[in-house]
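Engineer: Single-letter residue listing:
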Amino acid sequence: MNGILNWILWLPIIGMIGVILTPKAKESVIKFVTLLTTSITLILSVLLYLKFDTSTADMQFVVKIPWIEQFHINYFLGIDGITMLMTFLNALLFFICTLSSWTIHKNVKAYFALLLMLQSTVFGVFFALDFFLFYVYWEVMLLPMFFLIGIWGGENREYAAIKFFLYTFFGSIFMLVGIIALYYATGKGVDSFNILAHQGGKFTELTVNVFGKTFSFEHLFFWFMFLGFAIKVPVFPFHTWLPHAHVQAPTAVSVILAGVLLKMGTYGFLRIAFPIFPMAAVESSTIIAVLGLISVIYGAFCAMAQDDVKKLVAYSSVSHMGFVMLGLAAMTTQGMNGAVLQMFNHGTSTAMMFLLIGILYERSHHRWIVKPDGSKGYGGLSTKLPKYTTVFIIGMFASLGLPGLSGFISEALIFLGIYQRFTTITVIAVVGLLIGAAYLLWMFKRMFFGEVNPETEEYDDMNAREVFYMLPLCVAVIVFGIYPSPLLNVMKASVGQLVDLLAKF
Amino acid sequence: MIDQLFGFLSYYVPEIISIVLMTTLLVAEAGVKDEHAPRTKIHVYTQLMLGVVLVCLMLNLGAKPLHIFYNAVTIDPFSTLVKIIMTVGTMGAVFLSHTSKDIYSNLKSEFSIMAVGVLIGGMLLASANNMLTLYLGIETLSILSYVLSSFKRDESASTEAGMKYALYGGLSAGVALFGISHLYGVLGSIQFVDMVAKLPGIEGVNLAIVMISFLMFFVGIGYKISLFPFHMWTPDVYQGSPIPVTSFFAIVPKMAGVASLVRVSFVFVQEGSPLAISWIGLILVIAAMTMTVGNVTAIGQTSVKRLLAFSSIGHVGMMILGVVVMNEAGVQAILFYGIVYLFMTLIAFYITSHLSDMYGTDSYDVFRGLIYKHPVMAIIMASVLFSLAGMPPFSGFIAKFNIFSVIIQKKHYGIALVAAINSVIALYYYMKLAKTMIFGTPQGEEKVLGFTTLNQTVIIALFIPVIFLGIFWDSAMALAGNATLFIK
Chain S
1 MNGILNWILW
11 LPIIGMIGVI
21 LTPKAKESVI
31 KFVTLLTTSI
41 TLILSVLLYL
51 KFDTSTADMQ
61 FVVKIPWIEQ
71 FHINYFLGID
81 GITMLMTFLN
91 ALLFFICTLS
101 SWTIHKNVKA
111 YFALLLMLQS
121 TVFGVFFALD
131 FFLFYVYWEV
141 MLLPMFFLIG
151 IWGGENREYA
161 AIKFFLYTFF
171 GSIFMLVGII
181 ALYYATGKGV
191 DSFNILAHQG
201 GKFTELTVNV
211 FGKTFSFEHL
221 FFWFMFLGFA
231 IKVPVFPFHT
241 WLPHAHVQAP
251 TAVSVILAGV
261 LLKMGTYGFL
271 RIAFPIFPMA
281 AVESSTIIAV
291 LGLISVIYGA
301 FCAMAQDDVK
311 KLVAYSSVSH
321 MGFVMLGLAA
331 MTTQGMNGAV
341 LQMFNHGTST
351 AMMFLLIGIL
361 YERSHHRWIV
371 KPDGSKGYGG
381 LSTKLPKYTT
391 VFIIGMFASL
401 GLPGLSGFIS
411 EALIFLGIYQ
421 RFTTITVIAV
431 VGLLIGAAYL
441 LWMFKRMFFG
451 EVNPETEEYD
461 DMNAREVFYM
471 LPLCVAVIVF
481 GIYPSPLLNV
491 MKASVGQLVD
501 LLAKF
Chain A
506 MIDQLFGFLS
516 YYVPEIISIV
526 LMTTLLVAEA
536 GVKDEHAPRT
546 KIHVYTQLML
556 GVVLVCLMLN
566 LGAKPLHIFY
576 NAVTIDPFST
586 LVKIIMTVGT
596 MGAVFLSHTS
606 KDIYSNLKSE
616 FSIMAVGVLI
626 GGMLLASANN
636 MLTLYLGIET
646 LSILSYVLSS
656 FKRDESASTE
666 AGMKYALYGG
676 LSAGVALFGI
686 SHLYGVLGSI
696 QFVDMVAKLP
706 GIEGVNLAIV
716 MISFLMFFVG
726 IGYKISLFPF
736 HMWTPDVYQG
746 SPIPVTSFFA
756 IVPKMAGVAS
766 LVRVSFVFVQ
776 EGSPLAISWI
786 GLILVIAAMT
796 MTVGNVTAIG
806 QTSVKRLLAF
816 SSIGHVGMMI
826 LGVVVMNEAG
836 VQAILFYGIV
846 YLFMTLIAFY
856 ITSHLSDMYG
866 TDSYDVFRGL
876 IYKHPVMAII
886 MASVLFSLAG
896 MPPFSGFIAK
906 FNIFSVIIQK
916 KHYGIALVAA
926 INSVIALYYY
936 MKLAKTMIFG
946 TPQGEEKVLG
956 FTTLNQTVII
966 ALFIPVIFLG
976 IFWDSAMALA
986 GNATLFIK
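From first to last, the protein sequence lines stand for chains S and A.
For the first sequence, position 175 (counting from the first letter as 1) is numbered 175 according to the working numbering, and the numbering increases by one without interruption.
For the second sequence, position 466 (counting from the first letter as 1) is numbered 971 according to the working numbering, and the numbering increases by one without interruption.
Isolated chain S, as found in the complex (with noise of 0.2 Å):
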């Protein structure tokens, strides 16, 4: 069983050389070898979660080989209840993916490479336990997703890709002296590398000289790990590159980009920032938690002027993300555990919406809510594609967190949670949810509601592919809306062993 992370990591790389190996020609081919690497990945996955122990904190299903030795640097892979939630979604957003790209026909080979490459990085930042894994798998985890964004995009794909780029990579050079620094301040030795013997607050008395400066080892780093995950969330002011990237990636690229790599942001957090400064964490807990207030607020404003509906989908993104950082920055234990909860459902429900505008748009090749001429662009979807507004009410309640569906329960324990240490900032941030919930309903007005618009008129319905890959997302939310115990006992452990090293400081 030790070997499952080995495969889950590995499959779908073995999936891309079989890809590689398909001619040209053979689409479909193509299509059916991802297709049955994404699912082989998706039932390992359930594997690991009926086989996951969720009694203990400790790292499970570990994998520890040497990799470098002058440096102690180890190919060492495990997870925890967090990363059990996170390897799951990523599995199953993965296969979901690959079959709404079923419609793509440029350069398929290429598509379907690049995105079991992405799988599989992604899943390595999951895994690694060893820094240096971890930066490799998060810096090659740029490679594809550049060209994904920068192949299959929109009309801006180029700028999109490169902005999208440079940011993370900026975020993460920092990232990257601060990994180097901490190697040093732990002397060299074996665990130098290893991220779970650097946690528990071991850097709170050091010092570092920075251009005849003296600052607190605890502090400065933290601030730099902070800057690489801050970017990747994105908080405010950091999320300039979100709403670029996601209008211009493909609808599946979008769908990965909102449901697991802003999770890689707060997993960061979680895993690295948090129990390694947990002085500085809990020091910083208020900029924190004010930025994540901004991020709730702006990106739900920003959201709100949209014209364009995958820009509006992208600005909720930064709003629920800002929930995100809400609940880590309240480091109790209803807040933590709603962040977590939080991480997957938006996960889950954002990728129903940027499914269901990837849906609208091959029908209709446009995304204006109101045109730049100021028409209507859509209207009236409502009569006209019964299902496909069903799927939509689902996906957007679950989005605006209403009770009952998934949203709003890690909503409700985020607010639990911050409301024991900032009060102000609650009641402001819940002003951010009902800003959510009148963007989103907005929308849904002027697209479903209204007279029809004679364009949508010729429009089908969802076909049964569409349905068929909408199906699981649709169960989770509203499944997980009404009984979240699966999830929350899996991270149960791990969540509580941060919250009680965080208490600590």
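Hints were generated in silico from the structure; no laboratory data involved.
Mixed in with the good hints, there may be bad ones.
Claimed, not checked - Below are the DSS-like pairs computed for lysine-lysine, each with C-alpha atoms no more than 30 Å apart in a straight line:
#1 S:106 / A:878
#2 A:915 / S:202
#3 S:445 / A:916
#4 A:952 / S:311
#5 S:311 / S:376
#6 A:916 / S:202
#7 A:916 / S:24
#8 S:26 / A:916
#9 S:31 / A:878
#10 S:24 / A:878
#11 A:937 / S:106
#12 A:952 / S:24
#13 S:109 / A:915
#14 A:915 / S:213
#15 A:916 / S:109
#16 S:188 / A:916
#17 S:26 / A:915
#18 S:163 / A:937
For chain S, the structure is supplied; the task is to place chain A on it using the hints.
Structural biologist: Just chain A now, with coordinates in the frame of chain S:
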């Protein structure tokens, strides 16, 4: 006496073979009847001989440090490894020159002659153990380089390049020699060992003279490896020269210069001495300025050759950070960087050269949509660009990682931040080229003639280390680590 001179010749085999090669090439070229004949045999002969040199050097790698010819020359693993890098670089440039249209058909074997000559100068420089050998090395290297850079005789840009190179080179060599002569005046010797022994006793005015003389001497080396502010010649010379020459310049003289900088730093500068503080401070500032100027200027370039020239300035700035830390790990990082830089540079120039031969220009446009015409070449070029920018899983990342690692170990966080920001700038301009290649649509359907099976095989073979050293780098690191023996 005789023993002193001839007894050690056996350690000098690589240099001797190179000299023999150079002279025999002269004779062979004289025997060519048709001026424009493709000198395939001559090139094969050159490659074979350089291969022999390479094998001799590899066999020498394990040897203990040894001073020969009355301490004039040091043979140690450090110099040997640098010589290996330079020899491979020469082989690469000679291979490229065979097909490149940039080298006129009647000058093909002349290129080999000059290149081998520069290599000999570089070898001398890499193992120089007294000031005279060092100066001889610089001059041998430089004078032949001036000729190489003006190889496109009927193009004004190339002539200008040669002229500029010669003027700058002459001046800086003069300044360096001026410094050396003062050092001799104060210290009474040109032998590194004797000079070092006398350094601690120097005080007052003499100390001031020594420090200024070292600064002047630094100008000579700084010019050779195009450090800021002596880098002005680089872009024009790189652009004016034919591409095989440019690729050659980007590797051989640079590595030789870096090697001599490393050796001089470690021989003369003991930690804590008055010289050490100013020397390290100087290199720190110069390195920061060099990489910033190189990278920032590279952004605006439209010619790929010029882009690579500026980026090489940036890389040297990064490399010499390994000197700042004054320990084995720093030298190890420099050498690893050198090995990786060699392969990346060769590939980048190869691909640029073949495209430039095809379209007659080296602007970004010739790269447009390369992925649709030659997918493998485009992927390799893109990978090399990302590697140059320091992205994992390519070896460029490991090279950068090692440099960051040594400077952070010595707690130079400020310079680490400068280097970090430089990586982002570098990524931007490399990405712009990668973008053109992969996202752009090609203007025509035609295949690039330069990408013959042989050329593609060579490029792929050169690409293997770029990937391999990015994932399994311990053996190369051990090799580089072994080469730091000369440090006491």
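Engineer: Look at each hint and say if it fits the structure.
Structural biologist: For each hint, the structure was consulted:
Restraint check for residue 106 (chain S) and residue 878 (chain A): satisfied, since their Cα atoms lie roughly 16 Å apart, inside the 30 Å limit. This hinted pair checks out: residue 915 (chain A) and residue 202 (chain S) have alpha carbons roughly 20 Å apart, not beyond 30 Å. With a CA separation close to 59 Å, the supplied pair residue 445 (chain S) and residue 916 (chain A) exceeds the 30 Å bound. Under the criterion of a C-alpha separation no larger than 30 Å, the hint pairing residue 952 (chain A) with residue 311 (chain S) is inconsistent with the structure, at around 41 Å.
For the hint linking residue 311 (chain S) to residue 376 (chain S), the alpha-carbon distance of about 17 Å falls within 30 Å, and the restraint holds. Between residue 916 (chain A) and residue 202 (chain S), the direct Cα distance comes to roughly 19 Å. Compliance with the 30 Å bound is thereby established for this hinted pair. Our distance criterion of 30 Å between C-alpha atoms is broken by residue 916 (chain A) and residue 24 (chain S), whose separation comes to about 52 Å. The suggested pairing of residue 26 (chain S) with residue 916 (chain A) is violated, with an alpha-carbon distance near 55 Å, which exceeds 30 Å.
In summary, the hint linking residue 31 (chain S) to residue 878 (chain A) is supported, as the alpha carbons are separated by about 24 Å, within the 30 Å threshold. Taking the CA atoms of residue 24 (chain S) and residue 878 (chain A), the gap is near 15 Å; set against the 30 Å cutoff, the hint holds. With a C-alpha separation of about 22 Å, the suggested pairing of residue 937 (chain A) with residue 106 (chain S) holds against the 30 Å cut-off. The straight-line distance between the Cα atoms of residue 952 (chain A) and residue 24 (chain S) is roughly 19 Å, inside the 30 Å bound, and the hint therefore holds.
Our distance criterion of 30 Å between C-alpha atoms is broken by residue 109 (chain S) and residue 915 (chain A), whose separation comes to about 47 Å. This hinted pair checks out: residue 915 (chain A) and residue 213 (chain S) have alpha carbons roughly 16 Å apart, not beyond 30 Å. Between residue 916 (chain A) and residue 109 (chain S) the alpha-carbon distance is near 47 Å, which puts this suggested pair outside the 30 Å criterion. Only pairs whose Cα atoms come within 30 Å are accepted, and residue 188 (chain S) paired with residue 916 (chain A) is accepted, the gap being roughly 14 Å.
With a C-alpha separation of about 56 Å, the suggested pair residue 26 (chain S) and residue 915 (chain A) falls outside the 30 Å cut-off, and the hint is violated. Between the alpha carbons of residue 163 (chain S) and residue 937 (chain A) the distance comes to roughly 11 Å, so the proposed pair stays at or under 30 Å and holds.
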